[in-house]
Every structure is written in C-alpha cells, then in structure tokens.
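Participant: Sequence:
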Amino acid sequence: MAVSILFTGHMIDKPGRPNARFPSELEAAAAARIATAIVPYATIDKAASVIGFASCARGGDILFHEQCRAVRIPTSIVLPYSPELFVQTSVKGIPGSDWEQRFWHLWTTTSEAQRETMNLPRSDEAYSICNVHLLERAQEHGAVHLIALWDGQRGDGPGGTADLVDRVGLSDKPDIFTPAGLAADQ
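In our numbering, the protein residues as written are 1 to 186.
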C-alpha cells in the first residue's frame, strides 16, 4: 500500500517577530523531532511506495525534506510560485542564514517529476490553494499521514499550517508537535 507523508510546519521566525512562534534556536530540536516522526515510514516494506509531500519554505518544510532524504524517503516539492519568487516570499529573511542555499540544493536535486511550480498570482490565497493541491497530490499517491510543526494557533494569513491541518482533519491521528514543546524538551 502506498503511503504519503504530508508535512506542514511553521517558518523560522524572522528577527524581531513580536510573538515568537518558531525561533531559530529550535531548528536542531525540530529536525530531530521530524526525524523521529518519519522513522516508522523509512522502515516500511520497500514494496510499498512512500513519498513525502511538502512545500519548501525556510524552517519546517526544508527540515522535513532534509530528514526524509537522510533516510532515503523521496519527497515531492510543491510551490505556489516560481522558485525565484518563492525564495523571496518564503525562504529569505534570516540574515546570515543558509536557508536559501538549502532551498536551492533541495530544488535542484529533486527530480523534475517530483517538483511542481503552480505559477499562481502572488497573493495570500496562493498558499491556501497550494495546500489544497499538496493534499490532493498526497491523496492521489496513497494513505495520507500528516506530520505538523504547529503551535495550535491560526496563522498570520490564509494558507498556513493551521489551514492544512484543518483540511486533513484529526481523524487520521496526525503527528502534531509544537515549537513550545521542542523548547521544553531541550
């Protein structure tokens, strides 16, 4: 049976964010927690097809793709915009960080068949439309298992982590963990 690991998560906070949500000092803890969440899928019988699905923003998305690759789970990247515009809106913003390089490494080393640019007009709604498409692609592939790095709050606009968690629903026993929980575990 095919399995889809659908990930959604917060971006690393930009410096000066008034209400910290996912501060950069939690990056390593988030990567470790994501790795723990995907381990059961890495050991599934290889006859089953397992693919991870996520966008590729700085923070949780990039960490998810990196952790999947570390255990040889292929991933599919879906962007609402061209990669260049997406980098401007969802990857850059942390001075001195390597998020942009990590994005481009993931993008250029993911097969063309597993990366998609929706080329939507730039808008807040584009992220919501992208979430719908990510979920549809995951459902087309197989049984969907949601992993979310989410603080449980509504986002800064439409199409964020809360939007995708709502769309998937809680009936499938998603693996949801909070940035605050990561901080408490350190």
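These aren't lab readings, by the way, just hints derived from the structure by calculation.
Quick reminder that beta carbons are idealized off the backbone N, C-alpha and C, glycines included.
It is possible that some hints are incorrect.
[Claimed, not checked] No more than 16 Å apart at the CA atoms, straight line, and that leaves these computed lysine to aspartate or glutamate pairs for EDC-like: (1) 14 to 27; (2) 14 to 25; (3) 14 to 100; (4) 14 to 136.
[Said to hold, decoys possible] The following label-pair restraints were derived from C-beta to C-beta distances: (5) 124 to 18: 16 to 26 Å; (6) 36 to 109: 36 to 46 Å; (7) 117 to 181: 29 to 39 Å.
Participant: Quickly compare the C-alpha distance for residue 14 and residue 27 to 16 Å and report which way the hint goes.
Facilitator: holds, 13 Å
Participant: Quick one: are residue 124 and residue 18 within 16 to 26 Å, going by C-beta?
Facilitator: Because 19 Å falls inside the window, the suggested range holds.
Participant: Could you grab the alpha-carbon distance between residue 14 and residue 25 and see if it respects the 16 Å cut-off?
Facilitator: holds, 12 Å
Participant: Would you check the hint for residue 14 and residue 100, treating anything up to 16 Å between C-alpha atoms as holding?
Facilitator: holds, 14 Å
Participant: Is it true that residue 117 and residue 181 lie within 29 to 39 Å of each other by Cβ?
Facilitator: Distance hint for residue 117, residue 181 holds at roughly 33 Å.
Participant: Is it true that the CA of residue 14 sits at most 16 Å from the CA of residue 136?
Facilitator: violated, 30 Å
Participant: Between residue 36 and residue 109, does the C-beta distance stay in 36 to 46 Å?
Facilitator: violated, 24 Å
The structure fails to meet hints 4, 6 from the earlier list, while all remaining hints are met.
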